[in-house]
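Assemble the whole structure, with the sequences as input and the hints as a guide.
As you go down the protein sequences, you meet chains A and B in turn. Just so you know, we're using the working numbering here: the first sequence kicks off at 23 and counts up by one. Just so you know, we're using the working numbering here: the second sequence kicks off at 16 and counts up by one.
Mixed in with the good hints there might be a few duds.
[Stated by the list, open to error] 20 Å max Cα-Cα, derived DMTMM-like pairs, lysine to aspartate or glutamate:
1. B:Lys256 - A:Glu97
2. A:Lys64 - B:Glu238
3. A:Lys64 - B:Asp188
4. B:Lys249 - A:Glu122
5. B:Lys230 - A:Glu97
6. B:Lys99 - A:Glu31
7. A:Lys66 - B:Asp70
8. B:Lys230 - A:Glu96
9. A:Lys121 - B:Glu238
10. A:Lys64 - B:Glu183
11. B:Lys99 - A:Glu96
12. A:Lys64 - B:Glu160
13. B:Lys99 - A:Glu48
14. B:Lys107 - A:Glu96
15. B:Lys256 - B:Asp347
16. B:Lys162 - A:Glu31
17. A:Lys106 - B:Glu108
18. B:Lys99 - A:Glu97
19. B:Lys257 - A:Glu97
20. B:Lys256 - A:Asp128
21. B:Lys256 - B:Glu160
22. A:Lys66 - B:Glu192
23. A:Lys121 - B:Asp70
24. A:Lys83 - B:Glu183
25. B:Lys249 - A:Glu31
26. A:Lys135 - B:Glu227
27. B:Lys239 - A:Asp128
28. B:Lys256 - A:Asp141
29. B:Lys69 - A:Glu31
30. B:Lys161 - A:Glu48
31. A:Lys66 - B:Glu183
32. B:Lys69 - A:Glu97
33. A:Lys66 - A:Glu122
34. B:Lys249 - A:Glu29
35. B:Lys64 - A:Glu96
36. B:Lys162 - A:Asp128
37. B:Lys234 - A:Glu96
Derived from the structure by calculation, the hints contain no laboratory data. The structure displayed is predicted, hence computed values, not measured ones.
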Amino acid sequence: MATSYVEIEDRYKPKTPNEQISISVEIGDAQNGAYVIFLGTKLKGSNATAIMGTQSDVLGKNSIISTTVVDVMEETNWTSLTVKIKEGSNEQVYGPYSKEVATHLDTVCFIIKILNTND
Amino acid sequence: MIDKSSFSVLILISLIFLKPLKAQEEIKMTLPSSPAFSILGFEPSSVMKPTSNKDLGSDLLSAFDKDGKLLMNLGMEVSPYWLKSRSVLTRKEYFDPSVGQCFIQSLNISSATVKDSVKGDNKLGAGLRFKLINGRPTDEYIEIEKKLNVQLTLSAVVGACIANVGTEIHSKDSAMEILMSSLTELGYSKDVILLFKENCKEILGDFDDTNEGIKNFLKALNEKVIGSNGVLIKQVAELSKKRVGFILEIAAASSFITTKKNEPIDRAGVWVNASNYFSPSNSWTITGRYMFASWDSAMTNTDIGLSYLKEMSGFNISIEAMFRWYRADVMDININNQVITRVEKGNTYRISAQGSYKLAENISVNISLGKNFDSPFTTTASYFSVFGINYSLFKPQKVDLAKNK
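Quick look at the structure:
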C-alpha cells in the first residue's frame with residue numbers, strides 16, 4: 023500500500039471586507055478520505071466546511087487543505103479532490119485535482135496551499 | 016439430534032441410493048458475473064480488463080491479428096462509467112444513487128471468443144450486466160469507515176504540517192508541537208496522542224532540522240500512520256461491496272457463430288434477480304431467466320425460482336425451488352418418412368438443498384441434494400446428490416496483449 027503526495031500552491035483574492043470566507047472540500051471518485059483545514063498553523067476545521075474569517079483575518083496567510091484519500095474502490099484507481107472557497111454569494115472552485123494510483127488500496131495525500139492575497 | 020457419525024452415514028446412504036445425474040446441470044440462482052463467458056459455457060484463458068479509455072483502445076486493437084481477424088480464447092470485461100475519473104461522485108452519492116446513476120455505475124459489458132474444438136466453429140459471446148437498485152451499506156461498514164476516517168484525519172494533520180514547513184515550521188520540535196495541539200483540539204484521546212508521540216520519537220533522530228529533513232520526518236510519520244491502518248483499509252474496501260436491503264440486477268447475453276452466415280445466433284439469455292438481504296448473512300432471491308439455444312434442436316427455457324441463503328462463518332446453506340416452462344423444436348421423421356418438426360413442450364421443476372463448508376482459503380467441501388429439471392428428451396429420474404471438494408488452483412489474470420506483441 024504505497025502513499026503518494028499531490029502538492030498544489032495557488033492564490034485567493036478576498037472579494038469583500040466583511041463577508042465570512044468559508045472553505046469546503048469534496049472527495050470524488052467515490053473514494054474514502056478525511057481532511058483538515060488550517061489557516062497557517064491554526065486548525066479551522068476537519069471533515070466539514072470551515073469558516074476561515076473575514077478578509078482581514080486571512081490576508082497574508084495560507085489556507086491549507088490537507089486531504090488523505092485511500093483507493094478503496096475496486097472499480098477505479100482514480101482519486102480526486104475539489105476545493106470551494108465561498109465568500110457571500112461568490113464562489114471560487116479549485117480543481118478537481120486528480121491522481122490515478124498504481125495499485126488498489128494505495129493512498130494519496132493532497133496538500134493544497136492557497137495564499138490569501140490582494141496581489 | 017444427528018451426531019457426526021450418523022451424519023456421515025446419512026451422506027453415504029444418499030450417495031448410494033439417490034441416483035446421481037451423469038452430468039448435473041449447473042443451475043445457479045445468482046446472475047453470471049460475466050454473462051458473455053457464461054453464455055459460451057467457457058472461461059477464457061486471457062481476460063482483458065481495461066481501466067481507462069486508452070487501455071480500452073489498446074486492448075480492442077490487440078484482440079485482432081495482423082489480418083484483421085478476431086483472436087480466439089480471449090475475454091474482455093469493461094465498466095464504461097469507470098474508464099475515467101469521476102471527480103463529482105462523492106462516496107455518499109455512490110452509496111445512495113438514483114436508479115439511473117445505479118445503472119450507469121454498475122453497467123459491466125463482457126465479451127469473449129472461443130473456438131468450438133468439436134465442430135470447428137468460431138464463437139463470439141457478448142453480454143451485459145447492471146443493477147437498478149443496490150441496497151445500502153451494512154452497519155458494520157459504517158462503523159469501520161468511521162474508525163478509518165479518524166485515522167485518516169490524523170494523517171491529514173501531518174499533511175497540513177508538511178505544507179507549513181519553511182514558512183511557519185522551522186524545526187521538528189515545532190512540527191511536533193503543532194501536531195499535538197491540533198490533535199488535542201480535534202478531540203483525540205490522551206492515549207492516542209501519547210501513542211502518536213511515541214511514533215514521532217521513534218523516528219525523530221533519523222532526520223535533521225533542515226526543511227528537507229523536517230518534510231521527510233513528517234512523511235515518514237505519515238507512512239507509519241497509514242501503514243498501521245492497513246487492516247482497517249482492507250476491511251473498508253471489502254465491506255463496501257456488501258449490501259443489505261433490496262437489490263435488483265439484470266443481465267443479458269448472446270453468443271454467435273461467426274463462421275456461419277445463416278442463423279448465426281447460437282444461444283441467448285436474459286436473467287433478472289431480485290434479492291432482499293435482511294442482514295449481511297440472510298437473504299432470499301427471486302430469479303427469472305429466459306434461455307434460448309439453437310443447436311440441432313431449438314430449445315427455449317423460461318425459469319422462475321425462489322431461494323433462501325444463510326451464510327455463517329465458514330459455512331453456508333441454501334434451499335431453492337425453480338419452475339420451468341420448456342419448448343424444444345426437434346427435427347424428426349414421420350411415418351411417411353417426411354421431415355417434420357416435432358415440438359416437445361411442458362413444464363418441470365427443480366428443488367435442492369445445498370451446503371458448503373470452508374476448510375481453508377481456497378478449499379471448500381460442498382454437498383447438494385435434490386431433484387433437477389426433467390429433460391424433454393429422457394425419461395430417467397432426475398434426482399441428484401453431489402458431494403465434492405472445491406479447490407481453487409488458478410484464476411484468470413489480467414493480460415496486456417499489447418505488451419506481449
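Hint check: Lys249 (chain B) vs Glu29 (chain A), CA-CA at most 20 Å. Holds or violated? Measuring from Cα to Cα gives roughly 26 Å; hence the hint is violated.
Agreement of Lys230 (chain B) and Glu97 (chain A) with the hint, judged by alpha carbon distance not exceeding 20 Å: The hint is violated at about 33 Å.
Measure nothing beyond the straight line between the CA atoms of Lys249 (chain B) and Glu31 (chain A); if it is 20 Å or shorter, mark the hint as holding. This hinted pair is violated, its Cα atoms lying about 32 Å apart.
Checking one constraint from the list: CA of Lys256 (chain B) to CA of Glu97 (chain A), max 20 Å. Satisfied? holds (11 Å)
Pair hint outcome, Lys249 (chain B) versus Glu122 (chain A) [Cα-Cα no greater than 20 Å]: holds (19 Å)
Is Lys83 (chain A) within 20 Å of Glu183 (chain B), Cα to Cα? The hint holds at about 10 Å.
What's the verdict on Lys69 (chain B) and Glu31 (chain A), does the C-alpha distance respect the 20 Å limit or exceed it? Roughly 30 Å between the alpha carbons, so the hint for Lys69 (chain B) and Glu31 (chain A) is violated.
Decide if the proposed pair is consistent with the structure: Lys121 (chain A) and Asp70 (chain B), CA atoms, cutoff 20 Å inclusive. holds (17 Å)
Given the hinted pair Lys107 (chain B) and Glu96 (chain A), is their Cα-Cα distance within 20 Å? holds (16 Å)
Regarding the pair Lys99 (chain B) and Glu48 (chain A), is the alpha-carbon distance no greater than 20 Å? Given pair Lys99 (chain B), Glu48 (chain A) holds - Cα atoms ~18 Å apart, limit 20 Å.
Does the structure keep Lys66 (chain A) and Glu183 (chain B) at a Cα separation of 20 Å or less? holds (16 Å)
For the pair supplied as a hint, Lys64 (chain A) and Glu183 (chain B), confirm whether the alpha-carbon distance does not exceed 20 Å. Judged against 20 Å, a Cα distance of about 11 Å means the pair holds.
When each numbered hint is compared with the structure, violations occur for hints 2, 5, 6, 7, 8, 12, 15, 16, 25, 28, 29, 33, 34, 37.
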